[in-house]
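Novice: What follows is the residue order along each chain.
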Amino acid sequence: MKVLVAVKRVVDYNVKVRVKSDGTGVDIANVKMSMNPFDEIAVEEAVRLKEKGAVTEVIAVSCGVTQCQETLRTAMAIGADRAILVETPADLELQPLAVAKLLKALVDKEQPGLVILGKQAIDDDCNQTGQMLAALADLPQATFASKVEFVDGSVNVTREVDGGLETLKLSTPAVVTTDLRLNEPRYVTLPNIMKAKKKPLEVIKPADLGVDVTPRLKTLKVNEPPKRGAGVKVPDVATLVAKLKNEAKVI
Amino acid sequence: MAVLVIAEHEHGTLKGATLNTVTAASQCGGDVHVLIAGSNASGAAQAAAQIAGVAKVLHADDARLAEQLAEDVAAQVLAIAGNYSHILFPATAHGKNVSPRVAAKLDVAQISDVTKVISADTFERPIYAGNAIATVQSADKVKVITVRTTGFDAAASGGSAAVESVAAVAGNGKSSFVGREVTKSDRPELTAAKIIVSGGRAMGSSEKFNEVLTPLADKLGAALGASRAAVDAGYAPNDWQVGQTGKIVAPQLYVACGISGAIQHLAGMKDSKVIVAINKDPEAPIFSVADYGLEADLFAAVPELIKAL
Chain C
303 MKVLVAVKRV
313 VDYNVKVRVK
323 SDGTGVDIAN
333 VKMSMNPFDE
343 IAVEEAVRLK
353 EKGAVTEVIA
363 VSCGVTQCQE
373 TLRTAMAIGA
383 DRAILVETPA
393 DLELQPLAVA
403 KLLKALVDKE
413 QPGLVILGKQ
423 AIDDDCNQTG
433 QMLAALADLP
443 QATFASKVEF
453 VDGSVNVTRE
463 VDGGLETLKL
473 STPAVVTTDL
483 RLNEPRYVTL
493 PNIMKAKKKP
503 LEVIKPADLG
513 VDVTPRLKTL
523 KVNEPPKRGA
533 GVKVPDVATL
543 VAKLKNEAKV
553 I
Chain H
12 MAVLVIAEHE
22 HGTLKGATLN
32 TVTAASQCGG
42 DVHVLIAGSN
52 ASGAAQAAAQ
62 IAGVAKVLHA
72 DDARLAEQLA
82 EDVAAQVLAI
92 AGNYSHILFP
102 ATAHGKNVSP
112 RVAAKLDVAQ
122 ISDVTKVISA
132 DTFERPIYAG
142 NAIATVQSAD
152 KVKVITVRTT
162 GFDAAASGGS
172 AAVESVAAVA
182 GNGKSSFVGR
192 EVTKSDRPEL
202 TAAKIIVSGG
212 RAMGSSEKFN
222 EVLTPLADKL
232 GAALGASRAA
242 VDAGYAPNDW
252 QVGQTGKIVA
262 PQLYVACGIS
272 GAIQHLAGMK
282 DSKVIVAINK
292 DPEAPIFSVA
302 DYGLEADLFA
312 AVPELIKAL
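Protein chains in written order, with my numbering: chain C, 303 to 553; chain H, 12 to 320.
Bound conformation, chain C alone:
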């Protein structure tokens, strides 16, 4: 069985982005880019399933600019067998619905038994693509996974939900999106980075898949959030309690 894993190239999670002064977006020139952390967990899970013998091939997919090839090389350094980049121009804002359509076309072509994606990208914070893919491909879904297990041809997924955990049983093919506690991704080693350079990476265009990727939402402006100023330091607990009672009046 094949597993398809979708990965996104995003601003590294340690970078605090700055809003451009003209309000057109955030400044991502010369900032460090990395694989979206949830997608790294997705790749790790797929590779672990392969190591356990539950799957035979792990295919990493990314949609975006040429530089996403680096992200795909990272996925292959973790252990993906091959990669596909659906390349789009740098001035195109690729939105979740378009990505879901591209992935749906690849699912039709590759026929994977499982698709694993991160639950959300840490740039646009949308949390949509996996669910949209599942809907378009008419597949069952399990989002926010903390455990994935193959049982008798089905996949059992434990999900992090409000109030605790929930376990679902999905027929395959299925779509799973990862939450933080599914696994801890391995560190990529130099030999594996070297090996990844030799693995096949196919580059195609949205038109090759017959998908229209025109954005549906128009970003009118991007602003700084209202600043929350630092308050005061209090010397001791008694002062803190007095301030909360008399000044803030919250207790």
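If you are wondering where the hints come from, they were derived from the structure by calculation, not from laboratory data. Just so you know, these numbers come straight off a predicted model, no measurement behind them. Among the hints, erroneous ones may be present.
Here are the simulated DSS-like cross-link-like pairs (lysine-lysine), alpha carbons at most 25 Å apart as the crow flies [said to hold, decoys possible]:
no., chain 1, residue 1, chain 2, residue 2
1, C, K520, H, K116
2, C, K352, H, K185
3, H, K281, C, K529
4, H, K318, C, K547
5, H, K284, C, K547
6, C, K535, H, K281
7, C, K545, H, K284
8, H, K291, C, K545
9, H, K185, C, K411
10, C, K352, C, K497
11, C, K304, C, K354
12, C, K318, H, K127
13, C, K551, H, K230
14, H, K195, C, K449
15, C, K551, H, K281
16, C, K535, H, K284
17, C, K545, H, K281
18, H, K127, C, K529
19, C, K520, C, K318
20, C, K535, H, K230
21, H, K230, C, K547
22, C, K535, H, K291
23, H, K284, C, K529
24, C, K520, H, K127
25, H, K205, C, K545
26, C, K545, H, K230
27, H, K127, C, K322
28, H, K205, C, K535
29, H, K281, C, K318
30, H, K318, C, K551
31, H, K152, C, K520
32, C, K318, H, K284
33, C, K547, H, K281
34, H, K185, C, K304
35, C, K523, H, K281
Computed Cβ-Cβ distance ranges for the label pairs, DEER-style [unchecked claim]:
no., chain 1, residue 1, chain 2, residue 2, range
36, H, G23, C, A540, 45 to 51 Å
37, H, R191, C, D324, 44 to 50 Å
38, H, G64, C, P527, 26 to 32 Å
Note that the Cβ used here is the ideal one computed from N, Cα and C, for glycine as well.
Mind docking chain H on chain C? Use the hints.
Specialist: Just chain H now, kept in the frame of chain C:
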């Protein structure tokens, strides 16, 4: 055209997030209808009918909807979606699970985590963990939206809408419910609590977390929260996580104990009315958003605080 709110409910009672979503819906224009899709959920339907500003409640009752699987709830929403200009879900684990399925089937974009309705087609939403606010406009025929509940007040009661039954429809039958482990708690729900006591990695162990923070939460009638570091370390259950990818909260008082204040944590709590930080590291970023910062060892300060309250 009318606006549809997908209610969140459990054991026949309506969940609070529905009320904030109704407020957002009422700002989109048009009558507000509420869909209750569930099994034995007539209690929730009655409660929805009493929300001020709700014109009609649609109630789909079927055993297959009992576990609220995304495939089933989405199919139910799609069955009636044709009548609406806007479809709104609360941006909770459940809403986020179902909503994109509905948007994709309608071939429209979803607008996630809306914090402000500017007009019927223009909305504000946070991006980059709340470090930027984007204003987005949708040209789609239907606007599918998830609502960040902290961005909107809860709708008041005092309505008397009619409850109408709608035919239940089935999902694709490709998924089934196996089981649920519910974290039992007598405390207020995290996203609805007026006061939250939250612990970070500095708590050191789940025993210490409970031993030190539980009495403070008891004293304040507070919900308990945790940073991602504390959850990852196993000090607190996953559904206590406050942050960009966990729960977004905005209580009257947020007490952060031993939390350094990583960007992604601040994204989940910086809209709190009053923030108290107790941390022994004077450089901790949490102090940059705290109204009252106490630079102290929490293992000494928290017991002292309990005594002083």
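Novice: Please go over all the hints and tell whether each is borne out by the structure.
Specialist: Now the hints, each set against the structure:
Between K520/C and K116/H the CA atoms are separated by roughly 20 Å; this keeps the pair inside 25 Å, and the hint holds. With a C-alpha separation of about 24 Å, the suggested pair K352/C and K185/H falls inside the 25 Å cut-off, and the hint holds. With a C-alpha separation of about 10 Å, the suggested pairing of K281/H with K529/C holds against the 25 Å cut-off. For a cut-off of 25 Å, the pair hint linking K318/H to K547/C stands: about 15 Å separates their Cα positions.
At most 25 Å may separate the alpha-carbon atoms for a hinted pair to count; K284/H and K547/C meet this at roughly 14 Å. Annotation: proposed proximity of K535/C to K281/H holds, straight-line Cα distance about 17 Å (limit 25 Å). A threshold of 25 Å between alpha carbons decides the hint, and for K545/C with K284/H the separation of about 14 Å falls inside it, so the pair holds. Straight-line distance between C-alpha atoms of K291/H and K545/C comes to about 20 Å, which keeps the hinted pair within the 25 Å bound.
The suggested pairing of K185/H with K411/C holds, with an alpha-carbon distance near 21 Å, which does not exceed 25 Å. Restraint check for K352/C and K497/C: the C-alpha separation of about 17 Å stays at or below 25 Å, so the hint holds. Proximity of K304/C to K354/C is assessed by CA-CA distance (about 14 Å); at most 25 Å being required, the pair is judged to hold. Note on K318/C and K127/H: the hinted pairing holds, with a Cα-Cα distance of about 23 Å set against a maximum of 25 Å.
For the given pair, K551/C sits about 16 Å from K230/H by alpha-carbon distance, which is consistent with the 25 Å threshold. Of the supplied pair hints, the one linking K195/H and K449/C holds, its CA atoms being roughly 21 Å apart against a limit of 25 Å. The suggested pairing of K551/C with K281/H holds, with an alpha-carbon distance near 19 Å, which does not exceed 25 Å. Between K535/C and K284/H the CA atoms are separated by roughly 17 Å; this keeps the pair inside 25 Å, and the hint holds.
With a C-alpha separation of about 19 Å, the suggested pairing of K545/C with K281/H holds against the 25 Å cut-off. Between the alpha carbons of K127/H and K529/C the distance comes to roughly 17 Å, so the proposed pair stays at or under 25 Å and holds. A hinted pair counts as satisfied when its Cα atoms are at most 25 Å apart, and K520/C with K318/C qualifies at roughly 24 Å. This hinted pair checks out: K535/C and K230/H have alpha carbons roughly 23 Å apart, not beyond 25 Å.
For the hint linking K230/H to K547/C, the alpha-carbon distance of about 14 Å falls within 25 Å, and the restraint holds. Distance hint between K535/C and K291/H is fulfilled; the C-alpha atoms sit about 12 Å from each other, no more than 25 Å. Proximity of K284/H to K529/C is assessed by CA-CA distance (about 13 Å); at most 25 Å being required, the pair is judged to hold. As the CA atoms of K520/C and K127/H are separated by approximately 16 Å, the hinted pair is consistent with the 25 Å bound.
Proposed proximity of K205/H and K545/C is supported: the alpha carbons are some 18 Å apart, at most 25 Å. Between K545/C and K230/H the CA atoms are separated by roughly 17 Å; this keeps the pair inside 25 Å, and the hint holds. Our distance criterion of 25 Å between C-alpha atoms is met by K127/H and K322/C, whose separation comes to about 21 Å. As the CA atoms of K205/H and K535/C are separated by approximately 23 Å, the hinted pair is consistent with the 25 Å bound.
This hinted pair checks out: K281/H and K318/C have alpha carbons roughly 16 Å apart, not beyond 25 Å. The suggested pairing of K318/H with K551/C holds, with an alpha-carbon distance near 18 Å, which does not exceed 25 Å. Of the pairs offered as hints, the one joining K152/H and K520/C holds, with about 14 Å between alpha carbons and a cut-off of 25 Å not exceeded. At most 25 Å may separate the alpha-carbon atoms for a hinted pair to count; K318/C and K284/H meet this at roughly 24 Å.
Of the pairs offered as hints, the one joining K547/C and K281/H holds, with about 21 Å between alpha carbons and a cut-off of 25 Å not exceeded. Proximity of K185/H to K304/C is assessed by CA-CA distance (about 19 Å); at most 25 Å being required, the pair is judged to hold. With a C-alpha separation of about 22 Å, the suggested pairing of K523/C with K281/H holds against the 25 Å cut-off. A C-beta distance of roughly 46 Å is found between G23/H and A540/C, which places it inside the suggested range of 45 to 51 Å.
A beta carbon spacing of about 49 Å between R191/H and D324/C agrees with the range 44 to 50 Å that was offered as a hint. Taking 26 to 32 Å as the suggested C-beta distance range, the pair G64/H and P527/C conforms, at roughly 28 Å.
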